[in-house]
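The listed protein sequences correspond, in order, to chains Y and R.
Heads up, the first sequence is in our numbering, so the first residue is 1 and it goes up one at a time.
Heads up, the second sequence is in our numbering, so the first residue is 1 and it goes up one at a time.
In short, the hints are calculated from the structure, not lab data.
Just so you know, these numbers come straight off a predicted model, no measurement behind them.
Watch out, some of these pointers could steer you wrong.
To give a feel for the contact side, a few chain R residues facing chain Y, derived at Cβ under 8 Å [said to hold, decoys possible]:
(1) ARG23
(2) ILE46
(3) SER50
(4) GLY51
(5) GLY54
(6) ASP76
(7) SER81
(8) GLU84
(9) PHE96
(10) LYS113
(11) ALA115
To spell it out: a stretch of chain Y is covered by chain R in this simulated footprint if at least three of its residues, at any positions, have a beta carbon under 8 Å from a beta carbon of chain R; those stretches are [what the hints assert, rightly or not]:
(12) 76-89
(13) 176-182
Positions of the beta carbon are idealized from the N, C-alpha and C atoms, including for glycine.
This is what each chain is made of:
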Amino acid sequence: MAKSFVCSVRFTVRPKVKPREPSRLHCEPLASRVDPLAIEPHFLACNIEALDGRSRLQWDMPLFTRLGVDASIPEAIKTPLRLELNSHGIGWLGRGESGDVCCVEPLGIDEPMDVRTLTHARAIELQLVGQPFQRIASNRRARWVPGLPVEITEFEQLAKKVECLREMVAHGCPIGAAISPGSVYEDVRFAVDSGFDYISLLLDIQYDFHANGGSLALAPLESTLEMALKGIQDSGSKIRLLVSANICDGFELFRCLQRGAAAVSIDAYLASRKPAEVAARKETFGSVLSNYAPVAVPPLGWVTTAVHRLREELQDCAFYAGKA
Amino acid sequence: MQSSAAVALHLDAKTSRPADLRRAIEEHLRGASGKIADGIKPDDSIIRISGADGQDYLCCGIREFCNVTVQGSLGDFGFCSFGEGDGLVAGNVNHFFGHSLHSGILIVQQGAKDALCALGTGGMVAVYGNVGDRVAIGMQGADVVVRGSVGDFGALGMQAGTLVIGAGAGLHLGRGMRGGTIYVRGEVKSTSPDIEEHRLREPDRLKIGMLLLKSAIKSDGKEFRVFRPIHREA
């Protein structure tokens with residue numbers, strides 16, 4: 001008895017997926033290297049432009065630090081550290097002064113919008129993490145739970161709040177959103193639709209700035225970055241992505257930039273380069289109780305050395321990629 | 001609010017963006033030099049804004065000694081981060097009116113929608129009509145006086161300040177409240193377990209009377225009930 005086999009082939013029309021645009025630091029093919037003497041200066045610079053086109057945030061290096069917000073650092077150390085990193089063109093997230101060129105003002109989910117504080121900011125970053133009105137230590141994951149501003153209950157309201165911030169800051173500045181990894185794809189698309197100018201992805205928190213530990217890993221870099229980039233691509237947006245991850249190597253940091261990040265946090269890199277004598281707890285540097293103790297300001301020469309070395313590594317990698 | 005000052009600035013909100021209006025107000029008060037212009041006393045400078053029907057973000061970020069009078073109704077985020085001056089809105093206001101209020105007095109002659117005076121840190125908002133849900137959400141030190149009723153989730157997550165309600169409140173009053181005081185007259189549909197009722201004492205009567213006086217609301221300040229958050233042991 002002959003069996004009849006029915007073979008059905010279903011043809012589905014797949015939506016055209018646009019291939020991802022190569023990042024600005026992708027490795028150039030040989031055909032593009034016809035003129036090895038052509039050097040494009042400042043190719044490593046981080047450029048974030050506001051959606052309304054009125055303002056732009058620019059750093060000399062595609063690097064930033066969140067130590068001003070995440071880590072418990074005494075003011076006596078925070079100020080020289082901020083000035084030191086600013087002088088190298090590295091973005092500083094935290095309270096700054098009007099003369100700073102790289103300061104990004106953070107705004108918590110339960111913080112009022114103070115026009116006097118925000119008016120001097122080069123950029124404003126909404127921290128879409130945490131539980132409102134609860135001061136939880138930075139080494140607890142509950143501190144970094146994804147969360148909307150306390151007064152926001154609908155999607156359109158967040159977009160209006162972002163627009164309100166734009167209106168409030170007279171000179172205009174980019175508005176960013178810091179998100180922690182939960183549903184990264186959906187969160188990125190939500191942030192894009194809310195009208196943010198850039199997204200800061202928090203994958204690793206350096207809460208203690210201590211060589212012996214003091215970091216909190218929230219999600220792996222590779223898969224989370226991939227999801228975030230896919231979310232941006234599917235949104236059809238050119239929004240910039242900043243990444244805070246546990247990267248302690250210049251080459252890995254460059255790889256992250258090559259994959260599409262506009263800037264990468266150097267907190268883990270600095271913590272890994274910190275000399276042992278500075279990292280000791282007795283120095284009160286990075287201790288939770290250090291604000292109450294007499295603070296001995298350690299010399300920050302090692303920061304300069306680490307930043308110089310990282311800069312050289314990045315430029316070396318960029319040169320290899322045919323970018324500088 | 002309205003004084004007989006000679007210095008007044010008339011602005012039309014239909015033809016200008018909110019940021020341009022603010023710049024015009026600042027230039028009017030401070031002049032090109034950036035200082036308060038001669039002849040303008042801080043209490044006397046009156047700004048009259050017309051044609052503001054439904055416009056969002058109007059008067060946000062103004063921190064000047066001035067009296068701002070708005071003819072018509074406002075959209076969302078009106079008088080956001082306002083401070084140091086007085087404001088009067090002749091019509092209704094939409095969501096997030098007086099968001100992040102810093103100081104000064106804001107008076108709304110008709111009603112307001114949701115999230116009135118959210119995250120306000122100082123100053124006072126008075127509304128002569130009814131108010132929507134989540135009034136005084138996350139408020140951190142401001143005072144709110146409502147002559148009418150308020151919707152659900154009043155004083156949600158309030159940290160400090162005073163909320164005076166003249167004609168009843170909706171569901172879940174005082175949910176997540178950690179500080180401050182609620183004075184209510186009229187029916188309260190339900191209160192949150194986070195608050196408890198206290199006896200109306202003389203300091204409370206004085207405070208209610210003072211706030212009603214500042215709001216230009218005639219009332220004897222009686223028949224109010226007092227709610228404060230329950231202080232639990234950590």
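**OP:** Kindly indicate which numbered hints from before are broken by the structure, ordering the numbers from low to high.
**Re:** Violated: hints 2, 3, 4, 5, 8, 10, 12, 13.
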